[in-house]
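Student: One-letter residues, chain by chain:
Protein chains: 2
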Amino acid sequence: MNATKPPTIVIVGGVAGGASAATRARRMNENAQIILLEKDPDVSFANCGLPYHIGEEIPNRDSLLVATPEFLRRRFRLDVRTRHEVISIDRERKRVEVRGGENAETFWIDYDKLILAPGASPVLPPIEGTDADNVLTLRNLSDTDRIKAIVDREQTRTAVVVGAGYIGLEMVEQLVHRGLKTSLVELQSQVLPLLDPEMAEPVAQELEANGVALFRGRGVTRLVKDSQGRVTEVVLSDGSTIATDLVVLGIGVRPNTKLAVDAGLEIGASGGIATNDFMQTSDADIYAVGDAAEYRFGPSGQRMRVALAGPANRAGRLAGQHAATGHSDPMPEVQGTSVVRAFGATAAMTGLSRATANRLGVPARSVTIVAKHHAGYYPGAQMMTLKLVYQSETGTILGAQAVGGAGVDKRIDVIATAMQFKGTVRQLCGVDLSYAPPFGSAKDPVHMAAFAACNEIDGIESFCDSDADLTGKQVVDVRTPAEIERIPLAGSSDVVAIAVDELRERLGELNARQPTVVSCAVGVRGHIAARILKQHGFDVVNLSGGATVRNRVSFD
Amino acid sequence: MNATKPPTIVIVGGVAGGASAATRARRMNENAQIILLEKDPDVSFANCGLPYHIGEEIPNRDSLLVATPEFLRRRFRLDVRTRHEVISIDRERKRVEVRGGENAETFWIDYDKLILAPGASPVLPPIEGTDADNVLTLRNLSDTDRIKAIVDREQTRTAVVVGAGYIGLEMVEQLVHRGLKTSLVELQSQVLPLLDPEMAEPVAQELEANGVALFRGRGVTRLVKDSQGRVTEVVLSDGSTIATDLVVLGIGVRPNTKLAVDAGLEIGASGGIATNDFMQTSDADIYAVGDAAEYRFGPSGQRMRVALAGPANRAGRLAGQHAATGHSDPMPEVQGTSVVRAFGATAAMTGLSRATANRLGVPARSVTIVAKHHAGYYPGAQMMTLKLVYQSETGTILGAQAVGGAGVDKRIDVIATAMQFKGTVRQLCGVDLSYAPPFGSAKDPVHMAAFAACNEIDGIESFCDSDADLTGKQVVDVRTPAEIERIPLAGSSDVVAIAVDELRERLGELNARQPTVVSCAVGVRGHIAARILKQHGFDVVNLSGGATVRNRVSFD
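These protein sequence lines are chains X and Y, in that order. In short: position in the first sequence from 1, add 18, done, that's this note's numbering. In short: position in the second sequence from 1, add 18, done, that's this note's numbering.
Please keep in mind that the hints were generated in silico from the structure rather than gathered at the bench. Treat the hints with care, as some may be off.
Stretch by stretch, here's where chain Y covers chain X in the computed footprint (C-beta under 8 angstroms, at least three residues) [unchecked claim]: (1) 212–222; (2) 240–254; (3) 423–433; (4) 446–457; (5) 483–497.
Here are the computed distance ranges between Cβ atoms for each label pair [unchecked claim]: (6) Y:D161 <-> X:T412: 44 to 52 angstroms; (7) X:A287 <-> Y:A530: 33 to 41 angstroms; (8) X:K276 <-> Y:Q553: 49 to 57 angstroms; (9) Y:N158 <-> X:P348: 32 to 40 angstroms.
Beta carbons: idealized from backbone N, C-alpha and C, even for Gly.
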């Protein structure tokens with residue numbers, strides 16, 4: 019940078035990452051010229067809040083405008099230009115070609131440092147009819163307004179949401195809140211495809227309990243229009259049809275990398291703009307942040323796209339500082355931590371699922387525990403299922419998933435924090451968490467999961483997955499007869515029922531030479547039973563999460 | 019241990035640490051003889067739940083019995099003997115002298131391994147009248163029953179709680195819930211003396227808002243009895259008096275170390291039973307866990323007592339395993355993480371307060387931020403104040419305190435987890451926390467505090483404490499005139515009011531050579547103003563937490 023002339027920092031995209039970059043750059047450098055270019059009419063809006071405005075939980079649209087262009091000009095002296103689209107980058111001459119302004123003319127803006135925060139665009143399925151007025155994606159305030167206008171119409175009674183990811187679930191919840199009969203279509207065989215299947219199941223049950231019609235394992239093949247060009251029916255790959263007044267598509271996003279590609283910037287293996295630890299692209303004067311950029315993903319060490327608001331904001335802040343001053347802390351690894359609420363269920367995750375670890379060839383094990391979110395003797399305790407995925411030999415935590423009600427986000431945040439330090443399940447046993455009856459337990463669900471994992475690593479106890487094939491195994495259900503009668507263990511016709519408290523006396527009923535699986539309601543009594551049998555020479559495993567997870571029921 | 023004869027493990031004390039030790043020992047060794055001796059009638063009861071039974075939030079007394087003796091016998095084959103007190107240890111012959119049984123006879127029990135979990139006893143103030151029937155401490159179920167019986171009486175209208183620590187606050191809350199006019203007396207000048215004073219203040223305000231009469235900075239000098247021997251009046255050190263029907267003393271606990279002292283076991287500097295990393299005392303066959311034992315305290319590295327349920331349970335589990343098998347993981351350092359609810363306020367802390375760090379001579383700095391517990395645009399966001407204490411040069415996190423409503427426990431747990439890894443404030447900036455509008459913010463309060471700390475370390479911004487003496491300083495309040503008029507900055511008569519958005523134009527009104535303090539409502543605008551002034555050559559600091567913390571008001 020020229021010492022006499024303050025730098026010009028041009029930022030492309032004015033939402034999470036871009037706005038963070040712009041404001042941090044200003045705080046670092048009062049004299050820099052900072053130009054924020056946004057192709058849409060709004061900057062710095064609450065993109066994660068859009069579904070909640072449609073659902074009228076956030077009644078006031080203005081609440082979504084976290085910072086208006088006028089606010090950013092006044093407080094941060096930013097040169098904010100909305101409805102200005104950058105159409106090319108001339109890296110040689112360090113300038114961007116912009117189209118915008120009253121007459122949508124094209125002109126050039128010079129930069130010393132350029133920060134790309136172009137975000138991502140919703141993917142449309144390759145079928146006819148997605149252009150209809152009542153088929154929408156949700157990415158910005160205009161989308162929000164259009165969807166909300168349709169929902170607000172009295173004749174709108176039904177909706178189909180396509181894609182059971184985070185935004186799909188949030189939309190479903192809000193559309194149901196608005197009184198619409200809502201269907202959810204997901205190509206995968208489960209909702210929340212980033213989760214392991216059994217962890218997603220309680221969320222699916224909660225959706226159905228709230229009247230949502232679930233269509234899993236099916237794609238949309240056709241959108242049938244009426245004579246006015248409005249879609250009235252969704253046709254699925256199995257031939258079934260759903261009549262609807264509104265279709266919301268949430269099947270994924272594609273990073274907006276065209277500008278970067280055209281400029282010859284390196285694109286990473288995950289399809290995002292390649293970056294280094296300071297969010298610099300292959301051109302050191304150009305940074306990339308947000309959904310279009312790649313980050314270092316903690317559990318795998320690979321660089322990949324992570325389309326989440328938290329990393330976008332933090333990366334924007336660092337890139338803004340680096341652009342303004344020439345230095346900053348490196349961008350920390352991200353763990354992909356996320357959370358979603360669907361009616362009374364909350365699901366959260368961080369890092370790798372077991373399925374993803376398997377797919378990547380990472381040697382992983384996992385344990386699943388079921389526990390209450392605070393002391394069971396204090397009223398209002400809610401059950402949560404917590405699954406911990408870890409590296410088989412080292413015990414390094416690879417990821418975690420939790421589903422339940424209150425306190426799910428807290429446990430995932432604690433584990434995500436341990437992952438930031440490359441923590442092991444053994445270290446996780448020792449985290450000193452706050453406890454009082456309304457908030458937790460002296461042995462927190464996090465501890466219980468970590469204890470189970472260490473027991474497995476230390477050879478104290480072995481587990482099998484909740485969906486394990488029990489054929490040929492001696493299956494011992496150590497619940498009481500009344501419990502077993504109420505909910506027999508799924509997928510096992512030939513179960514020996516011996517309550518844990520009778521197990522020591524009734525060992526003679528079991529075959530110590532047959533591989534044995536013990537199960538209880540959630541895994542705690544199974545743990546005790548497994549220890550008894552192991553010490554009597556049995557080759558025994560405890561069914562992870564017990565009948566609760568295997569049967570996918572809620573016991574409380 | 020003799021390979022042919024299973025070991026005898028004797029455990030003294032059957033609540034948190036003792037019960038955890040006994041059950042883990044059994045799971046590790048089916049054949050061990052495990053004798054659990056408890057001087058009281060109950061084992062494994064929910065000691066943290068006692069106030070809530072008095073307050074009838076936990077209506078059923080049986081809920082407090084986490085595990086009955088009969089349950090422990092049945093499920094874990096423990097030889098549980100309640101009303102059995104160990105009166106001496108004969109280390110030479112490896113046996114304990116016990117008094118108990120129907121005729122309270124005295125006899126000896128041999129041990130191979132002995133685990134001491136004797137807990138702590140409430141401290142009584144050295145004054146007359148503490149023996150009255152209506153002057154009680156709260157430690158076990160008998161205490162609970164006695165207090166509850168008094169509260170249940172219709173003629174009981176008023177109560178005095180002495181000691182504003184965790185149990186004192188919980189009792190106050192529950193007594194108010196029961197309709198008693200309740201007073202709280204605390205010798206220190208603040209409630210929750212483990213917290214820094216300004217962090218405890220919102221809790222004090224919440225107590226007063228709920229009708230609690232607060233008497234801080236005063237001790238109890240006399241308990242005045244009526245002719246029936248019941249205390250009817252509490253006299254304080256300033257001469258003031260409080261009429262009362264019930265006195266609950268919660269001024270602290272003393273570790274029950276007599277048995278250990280008499281046996282010649284080493285006592286540590288903090289007055290607890292000295293232990294090594296496996297919770298072994300100076301006699302390798304004797305372990306100590308729970309409130310009477312010492313732990314390694316993370317922030318200082320010193321061994322000290324930590325009278326909290328979490329460490330007791332975890333240490334008991336490890337000691338039980340070590341006693342049963344000869345090996346276990348070492349006990350992790352503890353951070354002293356704790357949480358308490360008082361009506362609508364929650365306060366939580368971990369590690370060192372700033373005051374404690376100062377007292378220990380640890381070079382510490384701190385930052386305080388005020389932020390919402392989830393996205394501000396999503397309804398129901400509650401304010402929290404979060405203070406982060408860190409080592410000045412290294413940035414190693416030493417502790418944190420938070421006060422507010424929802425989400426306070428989560429932030430402290432995240433920071434406590436980072437502390438378990440000796441994390442720095444710089445590493446804390448990068449923790450990847452779950453975010454969706456109902457759960458958090460893309461820039462979480464944890465991040466905001468860590469950012470502020472790093473800004474200070476990097477020389478980007480300086481802070482002064484909320485109670486700083488502003489004499490001689492140029493104080494610039496960058497809030498709007500309306501905000502300032504509503505709540506003028508406390509303790510500063512001569513404030514220049516320049517809203518942050520006008521600061522750049524009105525720099526000429528300020529003296530660039532006078533040391534300057536900027537303040538706003540919570541510190542965010544102050545940060546922006548401090549950066550503007552610093553870049554214009556001012557020697558400027560931002561008032562930590564702004565007027566919210568300095569004035570000790572809730573801005574919302």
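Student: Hint by hint, say whether it matches the structure.
Tutor: Each hint tested on the structure:
no.: 1; hint: 212–222; result: violated (count 0)
no.: 2; hint: 240–254; result: violated (count 0)
no.: 3; hint: 423–433; result: holds (count 5)
no.: 4; hint: 446–457; result: holds (count 11)
no.: 5; hint: 483–497; result: violated (count 0)
no.: 6; hint: Y:D161 <-> X:T412: 44 to 52 angstroms; result: holds (47 angstroms)
no.: 7; hint: X:A287 <-> Y:A530: 33 to 41 angstroms; result: violated (52 angstroms)
no.: 8; hint: X:K276 <-> Y:Q553: 49 to 57 angstroms; result: violated (37 angstroms)
no.: 9; hint: Y:N158 <-> X:P348: 32 to 40 angstroms; result: violated (53 angstroms)
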